[in-house]
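Asker: Chain by chain, the residues:
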Amino acid sequence: QQPVQSPQAVILREGEDAVINCSSSKALYSVHWYRQKHGEAPVFLMILLKGGEQKGHDKISASFNEKKQQSSLYLTASQLSYSGTYFCGTEWMNTGFQKLVFGTGTRLLVSP
Amino acid sequence: EPEVTQTPSHQVTQMGQEVILRCVPISNHLYFYWYRQILGQKVEFLVSFYNNEISEKSEIFDDQFSVERPDGSNFTLKIRSTKLEDSAMYFCASSESGRAGGNSPLHFGNGTRLTVT
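Here the protein sequences line up with chains A and B, keeping their order. For the first sequence, the numbering used here gives the first residue as 1, with consecutive numbering after it. For the second sequence, the numbering used here gives the first residue as 1001, with consecutive numbering after it.
Please keep in mind that the hints were generated in silico from the structure rather than gathered at the bench. Honestly, I wouldn't trust all of these hints.
Unchecked claim - Heads up, incomplete: computed chain B residues facing chain A, CB under 10 Å, no partners named:
1) 1004
2) 1033
3) 1042
4) 1044
5) 1058
6) 1104
7) 1107
8) 1109
As the list claims (entries may be wrong) - Distance condition first, Cα-Cα at most 30 Å in a straight line; then the derived DSSO-like pairs of lysine-lysine:
9) A:59 / A:99
10) B:1042 / A:99
11) B:1057 / A:50
12) A:50 / A:67
13) B:1042 / A:67
14) B:1042 / B:1057
15) B:1078 / A:37
16) B:1078 / A:99
17) A:50 / A:99
18) A:59 / A:37
19) B:1042 / A:50
20) B:1057 / A:68
21) A:99 / B:1083
22) A:50 / A:37
23) B:1042 / A:37
24) A:59 / B:1083
25) B:1078 / B:1042
In this text, a Cβ means the ideal position worked out from N, Cα and C, and glycines have one as well.
With the sequences and hints as input, model every part of the structure.
Answerer: Here it is as structure tokens:
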């Protein structure tokens, strides 16, 4: 059972903000965020562990709400280089210690 | 920066044939993974491997698939009796520590595009 991401696609103008959500039906231990550009491998962005933390990476940050079993990725002042497909990967409590399951992906297109 | 390398980058095979996809994980990493991505779709977990054993596998990873670490550096995925629906990009990944990371991200190779005709 995979995490559900929303929205499926986002189109932004350079400089605009976006939020991508990732929800799980199972209790989460951690959430990973990756970005994949067309024809390339997924590239790691950040990991959030249970505890409701928020992390930042340049103008990209994320939060993890353990109670709601969801994570959100925040992209502020988007740049052209942010274009790609964003995947959350979830690791569940009590199962699958070496099993990172990815969501359906959110396609982001940033235009000039 | 160390990276995961995969060979070949593209493999074409006929239905029913066996293929072996090869990966060299990052040298100090202990956990290895195979994922596949059908064109335009999500990245699907196949299997994880640690200490010469499978740690986790998905329902996709049936008897048609096997993994091996034949020596200290290579990690292989064998697909027997390939079917048309096996056509996909296959990614190898490795991580330094367990819990699929936990604190340790997955580093992906550039993938092998498998085309079954």
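Asker: Each of the hints needs a verdict: does it hold here or not?
Answerer: Right, here's what the structure says about each hint:
Evaluation of the residue 1004 of chain B hint against chain A yields a held restraint, the C-beta minimum of about 8 Å falling below 10 Å. For residue 1033 of chain B, the interface hint holds, since its Cβ comes within 10 Å of a Cβ in chain A; the closest pair sits about 8 Å apart. With a cut of 10 Å, the hint placing residue 1042 of chain B at the interface with chain A holds, because the nearest CB-to-CB distance is about 5 Å. With 10 Å as the threshold, the beta carbon of residue 1044 of chain B comes within range of chain A, its nearest partner Cβ sitting at about 7 Å, so the hint holds.
For residue 1058 of chain B, the interface hint holds, since its Cβ comes within 10 Å of a Cβ in chain A; the closest pair sits about 8 Å apart. Taken as an interface hint, residue 1104 of chain B checks out: its beta carbon lies about 8 Å from the nearest beta carbon of chain A, inside 10 Å. The beta carbon of residue 1107 of chain B comes within 7 Å of a beta carbon in chain A, closer than 10 Å, and the hint placing it at the interface holds. Look at residue 1109 of chain B: its Cβ gets to within about 6 Å of chain A, closer than 10 Å, so that hint holds up.
Proposed proximity of residue 59 of chain A and residue 99 of chain A is supported: the alpha carbons are some 29 Å apart, at most 30 Å. For the given pair, residue 1042 of chain B sits about 15 Å from residue 99 of chain A by alpha-carbon distance, which is consistent with the 30 Å threshold. Note on residue 1057 of chain B and residue 50 of chain A: the hinted pairing holds, with a Cα-Cα distance of about 24 Å set against a maximum of 30 Å. A hinted pair counts as satisfied when its Cα atoms are at most 30 Å apart, and residue 50 of chain A with residue 67 of chain A qualifies at roughly 9 Å.
Between residue 1042 of chain B and residue 67 of chain A the CA atoms are separated by roughly 26 Å; this keeps the pair inside 30 Å, and the hint holds. For the proposed pair residue 1042 of chain B and residue 1057 of chain B, the alpha carbon gap of about 17 Å is at most 30 Å, so the pair holds. For the proposed pair residue 1078 of chain B and residue 37 of chain A, the alpha carbon gap of about 27 Å is at most 30 Å, so the pair holds. About 20 Å separates the Cα atoms of residue 1078 of chain B and residue 99 of chain A, which keeps this hinted pair within 30 Å; it holds.
Simply put, residue 50 of chain A and residue 99 of chain A have alpha-carbon atoms about 16 Å apart, close enough for the 30 Å limit, and the pair holds. With a C-alpha separation of about 18 Å, the suggested pair residue 59 of chain A and residue 37 of chain A falls inside the 30 Å cut-off, and the hint holds. The straight-line distance between the Cα atoms of residue 1042 of chain B and residue 50 of chain A is roughly 24 Å, inside the 30 Å bound, and the hint therefore holds. With a C-alpha separation of about 27 Å, the suggested pairing of residue 1057 of chain B with residue 68 of chain A holds against the 30 Å cut-off.
Proximity of residue 99 of chain A to residue 1083 of chain B is assessed by CA-CA distance (about 25 Å); at most 30 Å being required, the pair is judged to hold. At most 30 Å may separate the alpha-carbon atoms for a hinted pair to count; residue 50 of chain A and residue 37 of chain A meet this at roughly 28 Å. Of the supplied pair hints, the one linking residue 1042 of chain B and residue 37 of chain A holds, its CA atoms being roughly 13 Å apart against a limit of 30 Å. For the hint linking residue 59 of chain A to residue 1083 of chain B, the alpha-carbon distance of about 44 Å lies beyond 30 Å, and the restraint is violated.
Under the criterion of a C-alpha separation no larger than 30 Å, the hint pairing residue 1078 of chain B with residue 1042 of chain B is consistent with the structure, at around 21 Å.
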